[in-house]
Structure formats: structure tokens, C-alpha cells
Amino acid sequence: MRGSFGYTEKGEEGRVNDFGLWRRILTYCRRYKIPLAVAVLLSFVVTFCSLMLPRIMQEGIDGYMAQSHLEISARILGLQHLAVVYGVLVCCIFLTNFVQIVLLEWIGQSVMHKLRKQLFDHLVHLDLAFFNEHRAGQLVTRLTNDIQNMHEMFTSVMVTLFNDALKLVGIFCLLYLMNARLALLMTLFVPLAFFITRQFAHYARKVFRQIRSQLAKINSFLAEALQAIDIIQLFGRHDWAEKTYTDLTDEYLQRNLKQVSIFGFFMPLTELMSSGAVALILWYGGGEVLRSRLSLGELVAFLSYMRLFFQPLRELSQKYSIVQSAMASAERIFHLLDTKSHLHFPVWKQAVALDGDVNFSGIVFGYSASKLVFNGLDLHIKKGESVALVGSTGAGKTTLIQLLARFYDPHAGNITLNDVDIRTIPLPILRQTVGLIMQDIFILPGTVQENIILDQPLDKEKLDRILQQTGLEVFIGRLSNGLQTQIGEGFSELSVGEKQLLSFVRALYRDPVILVLDEATASIDTESENLLEEAVAAGFSNKTSLIIAHRLSTVRRVDRIVVMDQGRIVEQGSHEELMSTDSLYSNLVTLDLKNSMK
Amino acid sequence: MMRFKEQNNDPQGTTHEGQSSIREALGIITPLFLRHKKRLLAGFIAVIVVDLLQLIIPRFIKQGVDSLAQEGATEHSLFILAVTIFIAACIVAGFRFFWRYLLIGFSRILEKSVRDQLFRHILAMDQQFFGRWTTGDLIAHSSNDLNAIQMACGMGLVAASDAVFMSVAAICFMVAISGELTLYALFPMPFLALSTKYLSGHLHRRFNKVQEQFSQLTEFARNTIVSIRLIKAYTLEKLQNKQFDQLGREYVRSNLRVALIQGTMFPTATFVGNIGMLLVLYKGGTMVVNQQISLGDFVAFTTYLSLLIWPIMAVGWVTNVAQRGLTSLQRIQRLLSEQPKVKCQPQADLPEADQITFHCRNLSFTYPGEARQVLENVTLDITPGILGITGRTGSGKSTLCKVLLRMYPVGDGMLNLNEIDVNDLDIKYVRNHIAYVAQEPILFSHSISENITFGRQDATDEDVYKAARAAAIHEDILRLPGGYDAVIGERGVKLSGGQRQRLALARALLCDRPMLVIDDGLNAIDVETEQQVLLGIHSAFQNKTVVIVSHRVNVLETADCIVVMENGKIAAQGTHDELLAQPLYKVMVSKQQNNAR
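Same order as they appear, the protein sequences are chains P and A. Heads up, the first sequence is in our numbering, so the first residue is 133 and it goes up one at a time. Heads up, the second sequence is in our numbering, so the first residue is -10 and it goes up one at a time.
Just so you know, the hints here were simulated from the structure itself, not pulled from any lab data. Only true hints are included.
Looking from chain A toward chain P, a few residues come up when the C-beta cut is under 7 Å (computed):
hint : residue
1    : F86
2    : F233
3    : D234
4    : A248
5    : F260
6    : G274
7    : V277
8    : V288
Positions of the beta carbon are idealized from the N, C-alpha and C atoms, including for glycine.
For reference, chain A alone in the conformation it holds in the complex (with noise of 0.2 Å):
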């Protein structure tokens, strides 16, 4: 908010490019407004109709009181008024319901649409995307900011119209009665305005801090709670205390400061209220005593001053609604206007390849923003077979998977997928031929069938039972309350890391892909499994490619040729046996195998 304020301030040049991203920012929205502009408008209608009436209800007061002081009022007159009042009423209910149905219903239609837009867009971000955006910064944007725009396109919109007219309106009335009166009631109001600009500015930036602590709080209570485990064998039970506490005290402590400006603020606005009709009594008062307007007037009078209270209270939130709205619209903007960075020039529509060799050609990568290349010069063939690879914690293994799988751009000429650049590859098409197991087996909170499913809806239950044997968790299934139907999560069944792993396999199996990469995706799996799943991996891929990360020597013999890695370069290369005089993997095998003899 405050930035935006500042663009406005700042000299020629900054300003034009400011406004030029508002421009931009509002792009989102306005072909919304456009779709809708019937339903803006009957809403507007609507508003304008109610405040009409609202104004017009004191003068039939007037009339009354005006009435019984001249002593013209008989009861039938003053009947007829009342019902008048009651029907008018009647039609300011009905026209609210229309305007708050119109316009705030608009406003809700809107948010749904960006957001759905906001997750369109980020699902065909790539990893530098997410490396740069956190999962907390899009669930924020995607609750936070569109808040903001629903609240300033809705209510703020709303009230801003409702404000603009009803003071004009009011305002109008109260000069008929006296030009003079209106000046002296009016002469405290823009005091409110800037203040409840001031202070409900400062009540939103203390209220989000609330909430932010709010939330750290239900964080630190949750963490505890999930790993109560570990905080009981570490008798960690004081320090957590401690830390509760802590925060439990900052966010009273920024509790207190919101109540500080709450407690200003709405006594502020039926101060400065009263002030106006204190002067309108003095004022008015001494007017009706020379006879300058009716008592009539003066009671008519102070009814318009009261009404003004709310629209002139609403300025000061109006701006700050709006502000906020179009910060937030700029943030969202930001974000849309991310582009992928990983090139994907298709060329001619290829058909579907039987079999995949990848060939690295000097392949280096490193990560955005980091000095260190992760992989350097890299040459090396993955034709159909058994790749395996290995290497220490950060020597580049996990990368290298993920730029074959393109998650990472890489440089021209540097990786070929069938003798083609895949810089000249649509993305979808490499990724259709790769099935991958990674690393943290991610899993939904679904139904285990629907996970397995999850590459290959159309798969028959023979298909799945088929791929889950072969990842040798279909025996673990049927054993689970509910088999290929129970729910995994929190509020379904538990699986140990190595069942995970295995059903992350079974997924990546039913594809029945080309090519499948597991990025260190079998480690969980205990020993009697892992033969199984060995051989459910080699029978299932048959003459296609298969590159396999791994510490564990008994997978690693099952593959045709292993790569050692070392800090991103290949630091050896060979079968089983040739790579035993390496002196990284024979530390590996010997440790591995010494109790074989």
C-alpha cells in the first residue's frame, strides 16, 4: 500500500512507469467488468434507488413534526405519512437485497475467476518458477490478495459509489434548508475522513500482523503436536513451553495494538458526530430562536447529519480498500506475468517414440543464483537398459534426473532425445515418454487406486492389480482396511516410507512408458521387498531405458552400466565389475557386502 502511495509522489519518469503497471495490473479485471456490465449496472441502480429513498424518508418526518408545529395535523394525514414512510421502507429493503446480490455477488464471481486463472498459470510454471515463489507465497497470494481485490471490487465499490452519493445527496439538502448550517455541520467532517484513512490503515497493517502471528501460533502448536515424539525423547517439553509462551505474548502484545486503534477509531467517528450536531444545535438552534429556519428544518437537519456520518467514514476506508485492492492486483500481475524459463519450441508434430536414448553433450547446469555448477560437462549416453548412477549426498545425481525430465532449461546442442535438441521438443511430448519415482514419494490424499491411476486414468483394475504386484505392494493392500479404495492421509490410513515409495513405483509403472527414472525413490524399501521390486522393474522394462539413482550396491549390480558422480562431473563409468577398482564404489561394495564373507 504504502508503495503504491509512493508511486504516486515520485517525480515525472517513476510515475509514468507506475501507472503503466496499474494499467497492466487492471488488465486483469476490466474484461470482467465488461462481462458483466448489465449486472453492474441494475446493481448501481439499485444503490442509487435506495439512497433516494433513504434521503427522501426525513422529509416526510419533517412534514410530520412541521405539520403537528403549525398545528395543521389531523390523524388521518399523519396515518397516510406513516404508511407512506412503511412503504418506502418497504422498497429500500427490497432494492438493498438486489444490490447486494448484484454487486457483491459480482464481486465473489470475479475472485473465482482470477483465481482459477492464478492456478492455470502456475501449473505451467517450471522449477525455477516454484524455486523462486514458495508454496506459502502462492497459498497467500491465492487467499490474501484475492481477499483484497473481492473487497475492493465488492464492498469497497459499493461503498464508494453509496458515499459519493449520499453525501452529494445529503449535502444538497441540508444547503436547501441553510447554506450557513451546512457549513458549521460539515466543518468537522473532513477531520473524520483523514483519520479513519489514517487509522484504518494502520488497523489492517496491525491486524495482518495479528494474523500473521495468529497463524505462527497454530503453526508452532501444530508442529509440536505432530512431533510430539521427538520432543518427548529429546524432553524438550520446557523449551516448547517457553517458545509458546513467547509467542503467546507477542500476539497479545499485537492484539492490544489493534485494540488501541479500534478503541480510537470508532469512538473518533461518534466524536466527531457529535461534534457536528453539537454545532448544528448551538448553530441551528440560535436560527430557529430568530426565526431563520422552521423547527421543522432543524429536525429535518440533523436526520441528513447523521446519514453523512457513514458515507464520510467510508472515504477514509474507501481509499485504503482501494489501495489495498490495487496492490494486491499488482502482485497477482507480477505473477501472471511470469513466463517458464525451460525453451519448448515445437517443431513438427512427432510420432510417438518405441524407444528413448538420451545423449548429454557437455551438459552443465547451475542453479539460478548460485555460483557452483551442479553438473559440468556431462557426456554420457542413456540408451534402453539399466543406468545406474550413484554418488555422494550433492554431487549432482537428483539434477541430472531433472534436467532429462526438463524441469530445468538447458543450454543448446547440450541434451538430444532420439539425435533431436530437446530445446527443439514440445515439453509435454519428452515428458510423455518418461515415467519418474521421485525421491519423496508425493502421494494425494486420494484413494490408493486413484494414486496408482494417476498417469493412466483408463487403465482397467487388472492393469493396476498388475503394476502394484510388480511394485510388490498389492499383497500390502489387500491386507489395508478397505484395500484399493482406502484413503491415503491424515484422515485415511498411514503408510510406512518404504510402502510409499512402492506405491510411487506402481504409479509410475502402469504408464507404461518408454522410459522410467527413479531419482533414489527405492531406499525405504526393506530387503525383502527389494528383490521383488528389482524384478518387477526389470520384467516391466524390458529393452526400454531405465536410469536408477541409488546408494545400495544390490540394486546397482541389476544395471547394465553405473555412472559414479562426483561433485557434478562423472568420476567413473562401467559394469559392476569394471567399476570395483574405483575407489569411491569399493568402499561403497565393501562395506555393502563384508558380511557376505
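Next comes chain P alone, as it looks inside the complex (with noise of 0.2 Å):
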């Protein structure tokens, strides 16, 4: 009942017969042994059970009801013993069904789980690198319809599979034995049948995507929309919001009217294939009993089996369908869990003491081999030194901090903190030591102080100290609930400019060895950024900071100014040396004094 077609990917359509795809699948699977011989065992029953049903109608009619010589009572008693036999296997499939479907629900569930936890854990763990090649979305997919798709085929699949197909094979068992002609004919509408229900599928899966991205655009659409109403109505674009919107709208409405159309066209089809295939059964079957070659009660029965017979082949052929689109997910996915990162990640046999003298030397690096960001850049930075990055966007500032965050690996040459190799640190050690403060904010939803303490462990004290040299206490005081007040969706909203008063205290409380700051000051007032900027010289003074800022006001105080361009260092020194040369840098200064207007 549930999207029933799966979900597919563009010209994408699994193979089925991939045993090494199914091989690894099944390893998943291991743990689930017996719970899975148990549900198979379960389909054996109801399979049996629900084909004994016809059986004892047939039985009652044919054994006792035509039976007109036999005596009333015996006749009344023999049913009386069919109906027990008949309640008690109705039951049984009632109770039979019901632990079936929630016992593969919950095996399934729990694979799918597993895969779904291995794989995000797998994509945090990967460098940045591939999340550059890779969109958001796509990645999301993977976590989330994909692994669906799978699980439709573990538990709705699994069930048909073993039910309907089950139930076919003895349903043609049964009709074999009782007329082997009549069930001959009857074979000729399998492959009819499943070929109709795959041509359905196919198209219903094709219009079922059309339909799915017509939706899409129509609530991206609607969110852009909601998010830029503001804009909207004061250019006073509302005809335009809307004509784009019921273009959208009509759109979706004539796919949704293919869509009806290729439904109301196959739908009746199956239906029309059981009354045809009752005619035919009535038509040669009932000359077959006045051939005397078949009991009435045989042709009844023989009616009523055909009721049981479409509705599995319809399923089966239908779920083939799921089956192939969750195999196209499985291979998805274990590609992505096939890839490896990058970078790999030392362990620490022997904790290193690491302080702040940072060396880059000979850095050769690009995001892409065509187009190189360093080529040869050397740079030293003092152990407690504070050190200001200058430049025009592109000039590779952002880079350089993220190879020092070893977001990246350079292509050649090495980044050494006091003479260790980065690439020889535990990850979160190093990123520990180096802390990075962003422009944009990442707000988990919970409180304030969740946020600020993150994975640490909270030392009150620590933080109380934090907030009182930073000046912040102010900035919490204004919460509605101090520390404690809820943040993220849904809660209070802070401004961007207390989002990053936020992210530096975060940075703050995890004692970093290196402060570096990129661009982190852009949106907070000037009054506050004062304050930060005291606080960080204070209480920083020991520690090696690298900052990054538009503003060249906010750059004075530090020991060394670095400009940079196009990946390379063109000048450093104090403010007071560059300014005293007719440097790049006194050409900013001058720039952002100079003032056109006066």
C-alpha cells in the first residue's frame, strides 16, 4: 500500500540476477536466521490453509449437499464436521497472517537499520572532498529512499513472493490433479497476465517519477515563494508568483490526469482477464461435465480457484518491479559504502603534547588538478603569535585554513604543528587543537548550552568563565531562559550576529590551541566584536590566532598582517610596517578610509 512502485532513479533499473548484489544483501541478513525460517515456515501454512478453503466447500457440496441418496441427518452431520475443520483453518490464517507480517516488518526494519547506520556513519567519516563532488541531495537519497526501497522489497516483497508464488504453485497442483486439461488451459493465461501487469508497471513507474518531480518543483516553488514573500509583494510580483505557480499546478494536473487514465486502463484489465477466464472454465469445463469427465462440485471449485489465482499473479508481477528498483538502490548504495576517503586517519599510539607554531611549507594544492590554489606556498606562524589574512575573495585565505583543519590534504609539501606532521594526528585531536570558527553557524536543536558544550564534557565553571571574559553574559542574559533557553527549529530564532557569539564561545570552551576565525565577525555589532576582540587578546594572548576579515578594522591589533593574492603571499608585516611603504595593503587601508563623499 505503501508507494508500491518503489523508488527509481532515471534510467536506472537494477538487475536482478546479480547474485553477488544478492550474496551481500543476504549477509545482512545473517543475524535473522531463524526468524526468517520461521516467517517462510508461516507462509507454508497460510498458503496451505487458504487452499484447503475451497477444498472443503467443494467437499461439502460434492460429499454431502448432491449427495441426495444419503440419509438428511448423516448429510447435516458431515457438514457440521467440514464447518469445524473450516473455522479452525480460519483462524489459523488469521493468526498465521498477522505474525507473519509483523515479524518481516521487524526483520526488515532492523536490516535496513543496520545499513542505514553503517552508511551514515561511513559518509560523516568521508573527506570533504567527495562531499564537493557529490550534491546534498543526492546523498540524502541514499539514506533515505534508497534503504526504503530495500526494505519494500524485504518485507512486502518477501511476504508476496513467498505467499502468492507458493500459492500459485499449489493452486496449479490442485487444478492438475483434479483436470489436467482444464488447468492446461488455464497455464495459457500466466504469461498473459504477467505480461500485462508489467507493461503496467512500467508505465504507472514512468508517470508515478513524472508525477513525483512535477510535486517536487511545486513545493520548492512554494518554499522559495514563502521564503522571498517579503520580496514578492514589494516589487509587487504577485502576478507573476502566481501565474508561475498555476503553470506548475497545471502541469501536475495533467500528469496526474495520465496518470488515471494509464490506471483506469490497466486496473479493469486484470478483472476482465478473471471474467474471461470464468467463461472459459464454464464454457469448456461444463462440457467437461456433461462429458462426465468433471464432478460439478470440481467445476465449482475450479470457478472459485480462479478468484484466488489472478490476484497473486498480479502481485507477483508487480512486485517484480520493486524488486529490480530495490537492487538498482542496493548497488547505489554499496558503492557509496565502497568509497573510501582520501585521507586516512592516523591513531596515536603515544599522546603528543601540541603547541601553537604552525609551519606550512611548499604547499601544493587545487580542488581540482586543472586549477591549483597554492603552488609552493610557504608560511610560519610563531607559537603564540596572532597573524591577520588579507586579501580579494580567491585569494585562497578559506583554503588555507581548511588544509590546516585538514579538511583536505595538500597535493605536495607538509603542514607541521611544532615540527609533528599534521597528517600523523588523530583527527579530532587536531581539531581540537586547531579551533575553527565559521561564518555560517551550525544550530543543533536543543538548548543553549547543549550548543556551547557540544560532545565536552560540561565544566560549569569553565563556561561561567568563558561567557564572563567575552562579555557575553549579556547576550545570554537577554534569553528568555539564559542558558537553558531552547534554540533551533521550531524554538527561538537568534539573529545571525548572536549565532556567531554562540560559535565562539562553542569554540571557546574547547580550549583550542589555535584560534583561527574566518570571517566570524561579519554580523556582530561593533560594540560586541569589541568586546569578543578584547576578551580574545586577553584571554588568547599565549595562543597562536589566525584570523580572516573583510574588515580591516578588525585586523589591526594582530602581531602580523599576511596579503595575500591569487594563492600567493605578496607582503607581511606589522600594520605600522605596511602602512609605512606604499604597500597593497596601505592601498586598502587608504580604500576603506577614504571617504568619497566629503
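Grab the two chains, each in its own frame, and use the hints to assemble them into the complex.
Structure (C-alpha cells):
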């Protein structure tokens, strides 16, 4: 009943006969061998019981109702016995059905949960180069829709595969035992039914995909329009928005109507086939009765088996397409799991104390092989030194920082922290040592305090000290519940400036040896910024700091200013040194201060 | 759904109210029903034809079986019967297509129409409305609620009419064979309807929960992937893993709760149907033995009984679908009945103004539902020239801009535009005179040129380039792959914060309106381009009214007059030089300029 045609990506169909893939899928089920065996066993029970029901009905007709020469009381007694057996079977079907459905759902969900967890864990440990190459949406799809697809196969398909296939085989056996020629006639319907349903699944899947993508378009336009509602209203573009929207919904309507037509055409076909089969049986089977090669009860049983016959046939061929899309999903998931990170993750046998002496030497790096950002860059930052990186967009300031935090490894050259190559430092330790404060902020749903301490242990004293030093008590005091204020989606929104303050506290709480600020103060008002800088200057005078800022006023206090241009260091020195010469920096500062309106 | 049920059980007074709101809710869709009444009528006729033929087919089978039992059948008569059955089945298939196309198609048309109506309504709402209804809410309304309505008006309506007709007819046929046997056969059926109603209600709720958790899971994964840099920087991988595991577990649990219901619901239908069969086997068999009915009657009877199972299940399902549809419709109705609070009583048509002057007289403003006044007795003249506004975060700068733009309501006499109270002006009139650059540059995932021409589509390429040059973004655009045709967004080019702001500025400059409001929309622009941008604004807006909110002294210095705001009030006002004595401003200036001295 859920999205019964599976999620597919354009142009992809899984290979159902890929045994390597099957083997890999099955390794995930190894733990559930026994429950799976039970589920299969239950399939046999359900199938046996449901096939027995018409048989009993036939027995009732042939053995008792039509036997007018027997004594009435004996006939009624016989019927009573049959009714009791019938009742027991009915209860049996109910129970086994229930247990089977729940059991398979449990197995499927558990296996998929394991797979999903493994995939997520694998993903977050991949390097940034990987994330640059893949769109977020695609990766999310692997974690959600693709897994869901496989789950669909596990539960509904497994059930129907067992139950329906068994049922079909059972029905055939019974029919052949009763009357081979009539049964042979019925066999003709199998390829026909299979063909029709496969065609249906093909068209239905295609139109479903079209509908889904159109709905996605509608919703993303709606989201965009709602986000930009001010702009639409202020620029007076209601008509445009309405027109765009109705065009989208028009297309959606057309695609839905197409789906209605496809369903309208194919759905009655199965019913038609079943009626056709009934007509055929009545004609041919009736003839057989006339020729006394078939009893009347057998004919009636034949007719009622017909009802049982077409439904599993339809389900089976429909489920085939789910298996196909699940296999495609499995292939994509395993492909992702097999992607290795370009970075290797060292483990320390023995801890090494790191202090803030940073050395970049001979760095060669580019996001793509054809376009290098750095070609042999050297920069040494002494312990306790504060350095500002200055330069226009594209100069490579942020890239340099990302190399230091080891989001990427340079193609050549190396980066060391007091002579320890950062590639030999375990990542968690490296990233705790390098406290990175970035322009964009990540808020986890939770309290302010939880957002500050994250995975660190709570040290209230340290937290209070940091808040006091940075003057952020004021900011916390403004919040309705102080540190315990809930933030994140659905709760109070922090302003951009407040979020930046928060990320400051967050970084400081982790006791970094090297503090790195990437445009971290753009939205903080001057007063708070002042406070922060004083705090950083006071509390971090002994720590190394690396600052990127657009506003030149904020970098004046640093020990050394490094001016970068297109991946090269063009000049460096203190503010005074650089200002005393005709440097690029002094030009920038003059530009900053020049008041053209005066 | 539950709420609706309670309303029905409520005492007299409230029931009346509930019903009237149901009537209003139905008022949204009745015109559509009337407009498509021919289509609907044809559809229902098709449903009835299908049902009738479906009931007649078992009669033919009965006839065949009976004739065989009474040994009156011949090969030829059986052949005729078979052909008749097949033809009837073909007609059924044809009419099935028709009702699907007519009725389900209608529900899709209805869905589109309500969806469009909803969007049109939302477009006309003001900021207070968007404070009450989040984007998520509105998207949920336009997907879930519309789904429920479409379901109720499509499959729900079909199933309802089908169920009523089928069950009545099937029961009639059954009664014609034997009234007593019919009673026996129908005995378990009410139980099926009740259990379906109960279970499908639960199923729906639990299934919704599953979907909600699925989207939570999706959202969590998306958030993690989008902010992977931060997660790595703070080594949050473990924490994220743990949370993802937690969400996954909850998702599994909810799915199992759905499975419990599914595992009960469908087997129950089979079970009840089979129990009916069992009763027929026993009782009907006895009647055949006692020669009260013929063997053919018995077989036909079992066929009718199997025909009944689906309509009876449908009764339970349809009540749920209808209730859900109605509740959704009421929610949509509530949304549609919202009116914008910004007063708008346009008087006579005013000619376009060349110059804009705003007079704020004791302007006060409080956000709805909050106690604190964000603006308190602000008295300010905004005249042609550049007005700079500065002040701490939360001092009311943005709110002032938004009030000027008529995004929030103001009291009478507090705000005059060119000597006319804004409450007496058409909102569109006010807005048509103001170009606006927001704090967060919001762009559409369209091409660059489409974004720039957003406020003025008739602009020539030359105009666009001119605006882009004035906003110092022209060179940047030319460097992008695709230039002005480059598409912005996840699938297209990514722009830096400063570039986005300059693009938003170009969009505003192109409008060429007599007033420009920049709500801290220049803060991400770097030093080299800032001067160019300011020059551009200055040349484009000579003799026009410009309001710039900013923290930067460089920007403020260019203003003719600067207002310093504090706690919703004007703390100081004057030129840059005059304000150097003001404490707050002084700190700011000395801080930002100390590297010059």
C-alpha cells in the first residue's frame, strides 16, 4: 500500500540476477536466520490453509449437498464436521498472517536500520573533497529513499514472493490433480497476466516519477516563494508568482490525469481477464461435466480457485518491478559504502603535546587538478603569534585554513604543528587543537548550553569564566531562559550576530591551542565585537591565532598581517610596517577610510 | 479527525457552531461540484452500470451451474453463456475506465483549483500572518490537507457510492435467494465495518507518524551533509551518529506500530469474510440438504457474499477518509478566512510621486503577542537625501524599515507619506515607490538576469548592465560560467555573501523608484567594492530618498543625516561630525577608524 512501485532514478533498472549483490544483501540478514525461517514456514501454513478452504467447500457440495441418496441427518452431520475444520483453518490463517506480517516488518526494519546506520557513519567520515563532488540531495536519497526501497523489498516483496508464489504453485497442483486439461487451459493466462502487469508497472512507474518530480517542483517553488514573500510583495510581483505557480500546478494536473488514464486502462484488465477465465471454464469445464469427465463440485471449485488465481499473479509481476528498483538501490548504496576517503586516519600510540607553532611549507593544492590554488606556499606562524590573512575573494585565505583543519590534504608539501606533521595526528585531536570559528553556524536543536558544550563534558565553571571574559553574559542574559533557552527549529530564532557570538563561545570552550577565525564577526555589532576582541586578546595572548576578515579595522591589532593574492603571499609585516610603505595593504586601508562623499 | 467527532457529540450549542463552520468549509468546494456537475453525473452513472453488470455476471454463472445440475445444459447453451459473460466483462472494463477518468480526474481538478486558491490567498497576506504560520505549516497545508481533500472527493466519493449501491444490490439478490441465509451471512459484517473504521483511523495516524519521522530523518541527514564542514571542525561525527541512530530507532519503532495495525487489518477482512462463508457453508449446506434452496442458489450466494466484503470494508474506510477530508477542508478554510491586518483604505487615485517624504509622528510598534515595544514614540522626518540608521542589534532599525514598507500595521496618524496618512493609501501605491534591499539577500534559483529584472521586467540589457555596474557586480557576473544567464542555487552557481548582497542591490537599483531602503544589506561586501557600491548608490539616487541601516562608519559617513537608535527610541540624530560626541557612536567610530590615526 505504500509507494508500491518503488523509488527509481531515471534510466536505472537493477539486475535481478546479480548474485554477488544478493549475497552481499544476505550477509546483512545472517543474524535473522531463524526468524526468516519461521516466516517462510508460516508462508507454507497460510498457503496450505487458504487453499484448503475451497476444497472443503467442494467437499461440502459433492460429498453432502449433492448426495441426495444419503440420509439427511448424516449429510448435516458431515457438513457440521466440515464447518468445524473450516473454522479452525480460518483462525489459523488469521493468526499466521498477523505473525508473519509483523515478523517480516521487524526483520526488514532491523536490517535496514543497521545498513542505514553503517552508511551514515561511513558518510560523515568521508573527506570534504567527496562532498564537493556530490550533491547533498543525492546523498540524502541514498540514506532515505534507497534504503526504503530495499526495505520495501524485504517486507512486502518477501511476503508476497513466498505467499503468492506458493499459492500459485499450490493452485496449479490442485487444478492439475482435478482436471489436467482444464488446468492446462488456465496456464495460458499466466504469461498474459504477467505481460499485462509488467507493462502496467512500466507505465505506472514512469508516470509516478513524473508526478513526484512535478510535486517536488511545486513544493520547492512554494518554499522559495514563501521565503521571498517580502520581495514578491515589495516588488509587486504577485501576478508573476501566481502565474508561475498555476503553470506548475497545471502540469501537475496533466500528469495526474495521465496517471488516472493509465490506471483506468490497466486496472480493469485483470478483472476482465479473470471474468474471461470464468467464461472459459464455464464453457469448457461445463462441457467436461456433460462428458462426465468432471464433477459439478469440481467445476465449482475450479471457478472459486479462479478468484484466488489472478490476484497473486498480479501481485507477483508487480512486485518484480519493486525487486528491480531495490536492486538498483542496493547497487548504489554499496557503491557508496565502497567509496574510500582520500584521507587516512592515523591513531596515536602515544600522545604528543601540541602547541601553537604552525608551519606550512611548499604547499601545492587545488580543488581540481587543473586549477591550483597554491603552488609552493610557505608560511610560518610562531607560537603565540597572531596573524591576519588579508586579500580579495579567491586569494586562498579560506583554503589555507581548511588545509590546516585537514579538510583536505595538500598535493605536495606539508603542514606541521611544532614539527609534527598534521597527517600523523588523529583527526579529533587535530580539530580540537585548531579551534575553527566560521561564518556559517550550525545550530543543533537543544538548549544554548548544549549547543556550546556539544560533545565536551560540562564544566560549569569554565563556561561561566568564558562567558564573563568575552562579555557574552549580556547576550545570554537577553535570552528568555539564559543558558537553558531552547534554540533551533521550532524554537526562538537567534539573529545572525547572536549565532556568531554563540560559535565563539563554542570554540573557546574547547580550549583550542590555535584559534582560527574565518570571517566570524561580520554580523556582530561593533560594541560586541570590541568586547570579543579584547577578550580574545586577554585570554589568548599566549595562543596562536589566525584571522580572516574583510573589515581591515578588525585586524589592526594582530602581530603580523599577511597579504595574499591569487594563492601567493605578496607582502607581510605589522600594520605599522606595511602602512609605512606603499604596499597593497596601505592602499586597501586608505580605500577603506577614504570618504568619497566628503 | 478526533476534533470533528467530538463536535458531533457536543451538546446543542457548540454543535451548531461546528456545523456552521462545516458549511463554510464545504463552501470552498461546492462551486467546483456545481461547475463539473455533468462530469460527475456521467461518472456516477458509469459506477452504477459497472456495479449492475458485476452483480449480473454471477447470475449467469448460477444459470450455468444450475443447468448442468439439472442436466439441461448443452455445449451450445454453455458457449452462449460464456460469450455473454465475456461481453459483460468487457463493458464493465470500459465503464470502469470512464468512472475513473471522470471521478478521480475531477478530484484532481478540484485539488488543483483549491491549491491555486490557497496560494493566491497566501500571496496577499502580511507579515503578521507569516509570523503565525510558518513556511513548514503552509507547505504542509498545501500538500497533506489537499491530499486528504482529494482523497475524500475522489476515491472516497467513488467508494461511498459504490459501497452503498453494491451492498444494497448484493443484499437484495441474496435476500431473493433466501432471507434467512442472508441474515446468517451478514451477521459478521458490521464487525468488519467497525473494525476497519477503528483500525484504518489508527493506521492513518500511525502512518502519519512514520512519515513525519521519515522526513525528520531526511532533514537530519540533509542538515548533517550540508554542514559537514562544521561537524568535522567540531568533531561531532560521533554525536551525529548517535542522534541518527536514535532517530532511526524511533523510525523503526513507528514502523512496527504500523505493521501491528496492518497485520490486524487485512487478515481481519479475510477472517470476517471467511467466517461469513463458514456460516453459509453450514447453514446454506443444511438448506440445500433440506431442499430449501437449489445447489445453484448456494453457489450464487457464495459469489454475492464475496462481492459484499469489499463494500463493507469500504464503509469503514470511507468514514475515515471523509472525516479526514472534512477536517483538512476546515483547516484550509481557516487559512482562507485570514485577512491581512495592515489597514488599506485607498482613497482617490493618486498620481505617481517623484519624491518621497515620510513623517513619523510618535510612531510606536509592538510585535503581536509580545509585551516589549520595539519602536517607541519615534518622531522622524525622512526626506530626499541619504539617511543612515545605526544602533545595537535589537534596537528596532529593521522594524522601522519594515513599517515604512507597510509590512506591519501602524496606528492612524503615526506615519505620513507625502503628507497623507499611510493607512489611507493603497499598500501597492506605497510599495511601488520604494526599492528595498533586505538584510538577508533572498534570490530566486533562476538566472542572474531574471533575478536582477525581478522588479522591472521591461528593462533592456543595457539597463541591467548599468544597474549591475552601479552595484559593482557586473565584473563578477561576467566572470561566472554563463555570465548573466548563469543560474543561481544548488544546481547552479554559488555566490558569496557579498555577491548575493550586491545582486540584491542591483535588483533594487534597476527598479528606479524614488526611494531606496537598505536594511543592513551591505555588511558582507568587502572593502574594495564597498566604495564603488556607495558611489553607485549615490549617483543613482541623487535627489531621491535613501535609508541605509548599517554598522559601518564608512557607509554612515556618506549619509546626510544619521540616526542612532537605542531600545526602540531615537538616541541621537545629526551628521557624522555632529554625532562624534554621542557615546555610542563615538565608540563605534573610534573602534573602526583607529587604524587611520
